[in-house]
Amino acid sequence: MRVLLADDHQLIVEGLSNLLRTNGIDVVGIALNGRVAVEKALALEPDLVLMDLRMPVCDGLTATRLIRAQRPDIRIVMLTTSAEDEDLFASIQSGACGYLLKSMSGTAFIDALRGLEEGVPPFSPGLAYHLLSEFARLAADADARADMSA
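Here the numbering used here is used: the first residue of the sequence shown is 1, the next is one more, and so on.
Hints are supplied without guarantee of correctness; some may be wrong.
To be verified - Derived EDC-like pairs (lysine to aspartate or glutamate); straight-line CA-CA distance at most 16 angstroms: (1) Lys40 with Asp87; (2) Lys102 with Glu14; (3) Lys102 with Glu118.
Stated by the list, open to error - Okay, the calculated beta carbon distance ranges per label pair: (4) Ala146 with Gln10: 43 to 53 angstroms; (5) Pro125 with Ile12: 19 to 29 angstroms; (6) Ser17 with Glu39: 10 to 20 angstroms; (7) Leu19 with Ala146: 39 to 49 angstroms; (8) Arg114 with Ala43: 36 to 46 angstroms; (9) Met104 with Ala146: 38 to 48 angstroms; (10) Gly24 with Glu86: 16 to 26 angstroms; (11) Gly24 with Ala146: 26 to 36 angstroms; (12) Ala146 with Ser103: 12 to 22 angstroms.
Hints in this document: simulated from the structure, not taken from any laboratory. Cβ coordinates follow ideal geometry from the N, Cα and C atoms, glycine included.
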């Protein structure tokens, strides 16, 4: 798997890069802001972009939308400190295929990426439940509106 790291914290990028390389994952580039993340994703064509949510110049949501608009085949996973539902939902709406918290262990992080290679969307524990709950609520609201108009 070829990965582009997009995070504005140098220490995080260096640590992630070492963790990924140690586990046989190829880090093809590093971007310290969202604008550079878009440029590098389009130029380097990674299999995966690990995208921080909050970065200077261009935030992770905007960068995700821009990348996905031009290269829908590039998978993007948000890697952030925010466990807020609003950020999770906005990330998925922007085109991210997963959402991982920086508080997870290195082993769990690598396992999540390995799962992605097998088609399993990577989510930190508990976050997938939030998505499913929101989807169920939206479906129930749509059913209620349909019943009212019938």
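Each hint, compared with the structure:
no. : hint                                   : in the structure
1   : Lys40 with Asp87                       : violated (24 angstroms)
2   : Lys102 with Glu14                      : holds (14 angstroms)
3   : Lys102 with Glu118                     : violated (22 angstroms)
4   : Ala146 with Gln10: 43 to 53 angstroms  : holds (52 angstroms)
5   : Pro125 with Ile12: 19 to 29 angstroms  : holds (20 angstroms)
6   : Ser17 with Glu39: 10 to 20 angstroms   : holds (19 angstroms)
7   : Leu19 with Ala146: 39 to 49 angstroms  : holds (48 angstroms)
8   : Arg114 with Ala43: 36 to 46 angstroms  : violated (26 angstroms)
9   : Met104 with Ala146: 38 to 48 angstroms : holds (39 angstroms)
10  : Gly24 with Glu86: 16 to 26 angstroms   : violated (35 angstroms)
11  : Gly24 with Ala146: 26 to 36 angstroms  : violated (50 angstroms)
12  : Ala146 with Ser103: 12 to 22 angstroms : violated (40 angstroms)
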